[in-house]
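Could you build the full structure based on these sequences and the hints that come with them?
Take a look at the letters that make up each chain.
4 protein chains.
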Amino acid sequence: MITLKRLDQQDARLLIEGAAAKAREIGIPMCIAITDESGNLIAFERMDGGKISSVIVSQDKAYTAAAARKATHEYNAACVPGNLVFGIHTSQGGRLCVVGGGLPVVVDGEVVGGIGLSSGSPQQDMDCAQAGIDHFNSDRA
Amino acid sequence: MITLKRLDQQDARLLIEGAAAKAREIGIPMCIAITDESGNLIAFERMDGGKISSVIVSQDKAYTAAAARKATHEYNAACVPGNLVFGIHTSQGGRLCVVGGGLPVVVDGEVVGGIGLSSGSPQQDMDCAQAGIDHFNSDRA
Amino acid sequence: MITLKRLDQQDARLLIEGAAAKAREIGIPMCIAITDESGNLIAFERMDGGKISSVIVSQDKAYTAAAARKATHEYNAACVPGNLVFGIHTSQGGRLCVVGGGLPVVVDGEVVGGIGLSSGSPQQDMDCAQAGIDHFNSDRA
Amino acid sequence: MITLKRLDQQDARLLIEGAAAKAREIGIPMCIAITDESGNLIAFERMDGGKISSVIVSQDKAYTAAAARKATHEYNAACVPGNLVFGIHTSQGGRLCVVGGGLPVVVDGEVVGGIGLSSGSPQQDMDCAQAGIDHFNSDRA
Numbered sequence: 001m002i003t004l005k006r007l008d009q010q011d012a013r014l015l016i017e018g019a020a021a022k023a024r025e026i027g028i029p030m031c032i033a034i035t036d037e038s039g040n041l042i043a044f045e046r047m048d049g050g051k052i053s054s055v056i057v058s059q060d061k062a063y064t065a066a067a068a069r070k071a072t073h074e075y076n077a078a079c080v081p082g083n084l085v086f087g088i089h090t091s092q093g094g095r096l097c098v099v100g101g102g103l104p105v106v107v108d109g110e111v112v113g114g115i116g117l118s119s120g121s122p123q124q125d126m127d128c129a130q131a132g133i134d135h136f137n138s139d140r141a
Numbered sequence: 001m002i003t004l005k006r007l008d009q010q011d012a013r014l015l016i017e018g019a020a021a022k023a024r025e026i027g028i029p030m031c032i033a034i035t036d037e038s039g040n041l042i043a044f045e046r047m048d049g050g051k052i053s054s055v056i057v058s059q060d061k062a063y064t065a066a067a068a069r070k071a072t073h074e075y076n077a078a079c080v081p082g083n084l085v086f087g088i089h090t091s092q093g094g095r096l097c098v099v100g101g102g103l104p105v106v107v108d109g110e111v112v113g114g115i116g117l118s119s120g121s122p123q124q125d126m127d128c129a130q131a132g133i134d135h136f137n138s139d140r141a
Numbered sequence: 001m002i003t004l005k006r007l008d009q010q011d012a013r014l015l016i017e018g019a020a021a022k023a024r025e026i027g028i029p030m031c032i033a034i035t036d037e038s039g040n041l042i043a044f045e046r047m048d049g050g051k052i053s054s055v056i057v058s059q060d061k062a063y064t065a066a067a068a069r070k071a072t073h074e075y076n077a078a079c080v081p082g083n084l085v086f087g088i089h090t091s092q093g094g095r096l097c098v099v100g101g102g103l104p105v106v107v108d109g110e111v112v113g114g115i116g117l118s119s120g121s122p123q124q125d126m127d128c129a130q131a132g133i134d135h136f137n138s139d140r141a
Numbered sequence: 001m002i003t004l005k006r007l008d009q010q011d012a013r014l015l016i017e018g019a020a021a022k023a024r025e026i027g028i029p030m031c032i033a034i035t036d037e038s039g040n041l042i043a044f045e046r047m048d049g050g051k052i053s054s055v056i057v058s059q060d061k062a063y064t065a066a067a068a069r070k071a072t073h074e075y076n077a078a079c080v081p082g083n084l085v086f087g088i089h090t091s092q093g094g095r096l097c098v099v100g101g102g103l104p105v106v107v108d109g110e111v112v113g114g115i116g117l118s119s120g121s122p123q124q125d126m127d128c129a130q131a132g133i134d135h136f137n138s139d140r141a
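Residue numbers (my numbering), protein chains in the order written: chain A, 1 to 141; chain B, 1 to 141; chain C, 1 to 141; chain D, 1 to 141.
Simulated from the structure, these hints should not be mistaken for lab results. There is no bait here: all hints are sound.
Same chains, same names: a pair is fine if it fits in one copy or spans any two.
In the PhoX-like style, the derived pairs of lysine-lysine whose C-alpha atoms are separated by at most 20 Å in a straight line are: (1) Lys-5 with Lys-70; (2) Lys-51 with Lys-70; (3) Lys-51 with Lys-5.
Take a look at the structure:
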């Protein structure tokens with residue numbers, strides 16, 4: 001039997017709080033998705049003004065980061081024609097997302113969930129995802 | 001040009017609060033999904049212990065209730081073999097959900113969103129969805 | 001509660017009229033799709049001779065332009081390997097379309113819908129989409 | 001943070017062993033799928049002669065039993081026209097399977113995985129799934 005850790009609802013709210021605070025700071029209303037370590041949704045918030053297309057994209061980023069245990073921007077860097085990773089972005093009907101903005105949530109070296117942001121530029125999405133993780137980590141410290 | 005109303009994030013939190021309170025009262029951790037009037041997700045919460053399969057089912061119930069402007073249990077009653085509605089449950093890859101637990105959110109006679117609950121029996125899901133709407137309405141009163 | 005504006009059927013007809021006039025001028029029968037601000041179809045016309053595959057492509061272009069509030073050719077310019085946006089084109093089963101020919105419809109700074117054209121070259125599709133918007137705007141002026 | 005238990009590879013092999021032994025006894029080569037508690041595949045075996053269509057069906061049964069924490073034949077009993085559960089069988093593109101032959105794997109009152117069998121009659125599938133669980137439990141006793 002395997003014993004594993006998974007984000008709970010309180011953890012998810014911390015991640016969303018941190019990400020939303022950064023999104024407000026930069027003035028971009030975001031879609032924010034939090035998944036468990038298997039990529040299944042725990043919590044989601046579309047800030048007022050977040051993009052409709054980002055509802056799915058943010059969830060796919062969080063799914064990818066958690067389920068593949070890799071930041072989506074790292075997949076993006078590797079997913080170039082000629083590289084053997086290229087093509088991974090069409091997997092699972094495109095659910096495996098290689099657009100920047102998805103980060104695994106790591107506790108004690110173990111992936112316990114994922115956070116995905118969408119509505120800004122990939123760099124803005126990444127910054128807000130990181131802000132979510134920073135807020136989560138500082139609360140746990 | 002059409003002018004319409006749509007739930008905002010604060011409205012969505014009220015709906016979730018009311019539904020979650022009822023879910024705690026009956027001891028069934030639920031997945032709770034809130035969509036706008038077009039069926040696109042605004043907010044989602046998987047209470048600790050909510051079922052994995054309910055992540056999608058709750059969203060599909062909320063989508064259906066909002067987009068079709070009809071409670072999913074009303075579709076369920078009509079979706080019986082021999083009735084001309086039968087078959088609607090396979091529409092859109094099954095996203096159109098006829099299982100009880102999805103309710104449209106109505107303000108001033110206009111559908112402004114949907115709420116979908118899943119993890120309990122359909123009746124429990126319906127009760128919690130109604131509790132969400134009651135809480136939302138009492139706050140607005 | 002959010003109050004928002006959405007194209008109505010009369011608006012949609014204006015957009016199609018302008019796009020179809022341009023399509024006739026350049027001699028390319030087109031598929032023309034108009035969506036609301038959430039990306040859901042309001043009106044569609046396959047001019048006699050329009051391509052079958054364009055039935056879906058035109059809708060996806062209109063969906064993307066509205067739901068992501070961005071012209072599909074702008075996504076196209078950013079969606080190159082090595083750029084952090086790369087991969088967005090496979091999102092939602094490929095429904096998020098980065099082929100030129102989809103434009104958001106903007107009124108008073110707010111996205112109220114989308115127009116998507118398909119059957120010609122991307123530049124022809126873009127020209128016809130723009131012609132639809134020009135006709136719509138001149139009617140409102 | 002939530003701490004949970006999940007089947008490991010050794011557990012999965014025990015479940016398959018028990019199910020395959022029963023399948024050989026009744027002379028029906030089966031597809032046997034084992035998932036974790038979230039419904040994701042851990043192990044799979046298509047016995048020589050197992051049906052091709054059962055490759056997916058067995059996985060969907062195991063997914064459903066684990067993710068919904070319910071035997072698929074229990075869903076089957078409730079999923080009759082006029083019952084509020086009716087329609088659940090088309091959810092998630094039909095992945096939520098209500099055909100008999102999927103059972104949750106429970107340890108200390110907690111669902112830690114799922115087993116799904118397909119290729120025989122539903123009753124045969126159910127018998128083999130149960131045999132897998134019996135073998136797993138007797139090994140742990």
